[in-house]
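Novice: Listed here are the chains, written in short residue letters.
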Amino acid sequence: MKNGTAPLAVENLTVAYRKKPVVRGVTFEAAEGELIGIIGPNGAGKSTLIKAILGLVPSLEGDVRIYGRPYGQQRKRVGYVPQRESVDWDFPTHALDVVTMGRYGHLGMFKRPGKQEKEIALDCLDKVGMAGFANRQISQLSGGQQQRVFLARALAQDAELYFMDEPFAGVDAATEKAIITLLGELKRQGKTVLVVHHDLATVADYFDSVLLINGEKIAYGPTASTFTPELLHRTYGGKLAFGIPVPAAFSAAKGG
Amino acid sequence: MSGFWIVLTGALVASCCAILGCFLILRRMALIGDAISHAVLPGIAIAFLMSGTRDSIFMLLGAAAFGFIAVFLIEMFRSGGVQSDASIGVVFTALFAVGVVLISLNARNIDLDLDCVLFGEIAYVQWSTLEIGGADLGPKAVWLLGFTLVVILLVISLFYKQFKLTSFDPALAAALGIPVALFHYALMGLVSMASVSSFESVGAILVVGLLIIPPAAAYLLTDRLGPMLVISVAVGIVSSIAGYAAAVALDASIAGCMVCAAGVLFAAAFLLSPKHGLLALRRARSRAAA
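Going down the list, the sequences are from chains A and B.
Here the numbering used here runs 7 ahead of the position in the first sequence, where the first position is 1.
Here the numbering used here runs 46 ahead of the position in the second sequence, where the first position is 1.
If you're looking for bench data, these hints aren't it; they were derived computationally from the structure.
It is possible that part of the hints are untrue.
In silico DSSO-like links for lysine-lysine, alpha-carbon gap of 27 Å or less [what the hints assert, rightly or not]:
no., chain 1, residue 1, chain 2, residue 2
1, A, Lys198, A, Lys26
2, A, Lys125, A, Lys26
3, A, Lys125, B, Lys207
4, A, Lys194, A, Lys184
5, A, Lys184, A, Lys198
6, A, Lys83, A, Lys122
7, B, Lys321, A, Lys83
8, A, Lys122, B, Lys186
9, A, Lys26, A, Lys134
10, B, Lys207, A, Lys118
11, A, Lys134, B, Lys207
Examples of chain B residues lying across from chain A (beta carbon under 8 Å, computed) [stated by the list, open to error]:
no., residue
12, Phe165
13, Leu200
14, Val201
15, Ile202
16, Lys207
17, Asp215
18, Ala221
19, Gly223
20, Asp269
21, Val276
22, Ala280
23, Arg328
Distance windows between CB atoms, simulated [said to hold, decoys possible]:
no., chain 1, residue 1, chain 2, residue 2, range
24, A, Gly177, B, Val196, 15 to 21 Å
25, A, Asn49, B, Ser97, 19 to 25 Å
26, B, Leu199, A, Gly177, 51 to 57 Å
27, A, Asp165, B, Ala314, 42 to 48 Å
Nothing here was measured: the structure is a model prediction, and the numbers come from that model.
Backbone N, C-alpha and C define an ideal beta-carbon position, used for all residues, glycine too.
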């Protein structure tokens, strides 16, 4: 990796809510074209880390560089999929319109999205298997379909570096498959994707690298050498609940 | 002719409020609209005391200033750990009370009637006309409201996509570099402006009805933001016409009748809306059961 031009370089990032630190001194650098899982227990600061990188919550200290520059100068190269629950799905709009919002960053201040933006948006909906729902009111979509609309919107942002906040949370099998296909497609195009992820059983299958955090960084590196029982135990402490497969047990199960 | 000016004033108030109200209810900020329309009262009173006139420009400035103070205080209390509905309640009732005290203290010296501020007197707007070079150009209130409506239409149509995205998904808006806080305060500023332009005609209390009821009815009738804005304005205008007719027939408060008419239209939408109405839901349920 050429130094200084990594898609994402985070240095000593600390974030606090009401003086209570949530993310402490996290440092890592994402390599181009990788799918990276951000793994940790509830309240570990995974979403907060993403939001701080994107400047959505103020950070106490630290430095974030996107392709060597501050985020403010690189917005068009970054796509973001917030948590599905973060918006009101009763908002009076339809799927295509939501996806079109992904184009707003590419439009001038006063310009309204036109035919070209609608075509891009429809194309993006098609890529997540939702073209047939373009004119559907968003409250009438299932949770998985709503998630796919959000992914299509991120695609419409036409970015190089993506942040996805729990895209797999509470989705149906069809949506999970659609997301995996999409992640593979993004990787083939050389894009870098960071995904906040909860399901430990699928980590080894989905991600090239993992960032294990619990307030502070526990480990960061290739999944094979980082997603280990010892490091997971350190990440989750005593909270690694019975029944969550640790990698060794998990790969044995997968083999069978 | 007097009927025409009254209905026109009502329709302008309703249009201003109906547009802004749509964004307020979609942001779950209906109560903020309520808060601002009340919190501007001390601004109106202070502007009146300082300038000694009922000239709308001073009142507009005073009210706008207090609208911002209210929004700022609500944010401050909320970020300081007070529940958001409690902080809204504290700020607007306290500021409103300050306004009531200021007006009542000076009631003997000044010609600013508390009833008029609270409930408005739309029947009188026609007597206060704008004259330039001796030519009568019609009621001042109509000019002020017309100007307010033009500003609202201009700001909302120029920044339509920003207002839409910051209402639907502020996180993405911020990530795209849209100044979310700026649009929040712009909306609050417009609500302050609409409140103060309307207070002479419908009063500080009833303006809330026109700010919330027509958008709430429109929300039930459509699944798109654009049509919601149009329907909301239509409901507001129909309310002002029907309300005026009812007030004449009953010899009752005109502004009160206008808000009542809006309430009746909301009830109709709630019952009869083809998609979200009570009857449609009931029919769908019985069909599903059959």
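Novice: A separate judgement is required for each hint: does it hold in the structure or not?
Specialist: Structure-based check of each hint:
Straight-line distance between C-alpha atoms of Lys198 (chain A) and Lys26 (chain A) comes to about 35 Å, which puts the hinted pair past the 27 Å bound. Proposed proximity of Lys125 (chain A) and Lys26 (chain A) is contradicted: the alpha carbons are some 44 Å apart, above 27 Å. Straight-line distance between C-alpha atoms of Lys125 (chain A) and Lys207 (chain B) comes to about 14 Å, which keeps the hinted pair within the 27 Å bound. Under the criterion of a C-alpha separation no larger than 27 Å, the hint pairing Lys194 (chain A) with Lys184 (chain A) is consistent with the structure, at around 15 Å.
For the proposed pair Lys184 (chain A) and Lys198 (chain A), the alpha carbon gap of about 19 Å is at most 27 Å, so the pair holds. Proposed proximity of Lys83 (chain A) and Lys122 (chain A) is supported: the alpha carbons are some 20 Å apart, at most 27 Å. A hinted pair counts as satisfied when its Cα atoms are at most 27 Å apart, and Lys321 (chain B) with Lys83 (chain A) does not qualify at roughly 39 Å. With a C-alpha separation of about 43 Å, the suggested pairing of Lys122 (chain A) with Lys186 (chain B) is violated against the 27 Å cut-off.
Distance check on the hinted pair: Lys26 (chain A) and Lys134 (chain A) sit about 43 Å apart at the alpha-carbon level, beyond 27 Å; violated. For the hint pairing Lys207 (chain B) with Lys118 (chain A), the CA-to-CA distance comes to about 9 Å; that is within 27 Å, so the pair holds. Our distance criterion of 27 Å between C-alpha atoms is met by Lys134 (chain A) and Lys207 (chain B), whose separation comes to about 24 Å. For Phe165 (chain B), the suggested interface contact is broken, since its CB lies about 33 Å from the closest CB of chain A, more than 8 Å.
Checking Leu200 (chain B) against chain A by beta carbon gives a least distance of about 11 Å; that is not within 8 Å, so the hint is violated. Interface restraint check: Val201 (chain B) against chain A, minimum CB-CB distance 12 Å, threshold 8 Å, status violated. Given the 8 Å rule on beta carbons, the hint for Ile202 (chain B) is violated: about 12 Å separates it from the nearest Cβ of chain A. Taken as an interface hint, Lys207 (chain B) checks out: its beta carbon lies about 6 Å from the nearest beta carbon of chain A, inside 8 Å.
Taken as an interface hint, Asp215 (chain B) checks out: its beta carbon lies about 5 Å from the nearest beta carbon of chain A, inside 8 Å. The interface hint given for Ala221 (chain B) holds, since its Cβ lies 5 Å from the closest Cβ of chain A, which is under the 8 Å cut-off. Hint status for Gly223 (chain B) relative to chain A: holds, with the closest Cβ pair at about 5 Å, below 8 Å. Satisfaction of the interface hint for Asp269 (chain B) is found here, the shortest Cβ-Cβ separation to chain A being roughly 4 Å, below the 8 Å cut-off.
The criterion of a C-beta within 8 Å of any C-beta in chain A is not met by Val276 (chain B), whose closest approach is roughly 12 Å, and the hint is violated. Interface hint at Ala280 (chain B): violated, since its Cβ lies 16 Å from the closest Cβ of chain A, which is beyond the 8 Å cut-off. A least Cβ separation of about 19 Å between Arg328 (chain B) and chain A goes past the 8 Å threshold, and the interface hint is therefore violated. Taken as a hint, the range 15 to 21 Å is violated for the pair Gly177 (chain A) and Val196 (chain B), whose Cβ atoms sit roughly 46 Å apart.
Take Asn49 (chain A) and Ser97 (chain B): their Cβ atoms lie about 57 Å apart, and the range 19 to 25 Å is violated. Between Leu199 (chain B) and Gly177 (chain A) the C-beta distance comes to about 41 Å, which lies outside the given range of 51 to 57 Å. As the Cβ distance of Asp165 (chain A) to Ala314 (chain B) is approximately 45 Å, the hint placing it in 42 to 48 Å holds.
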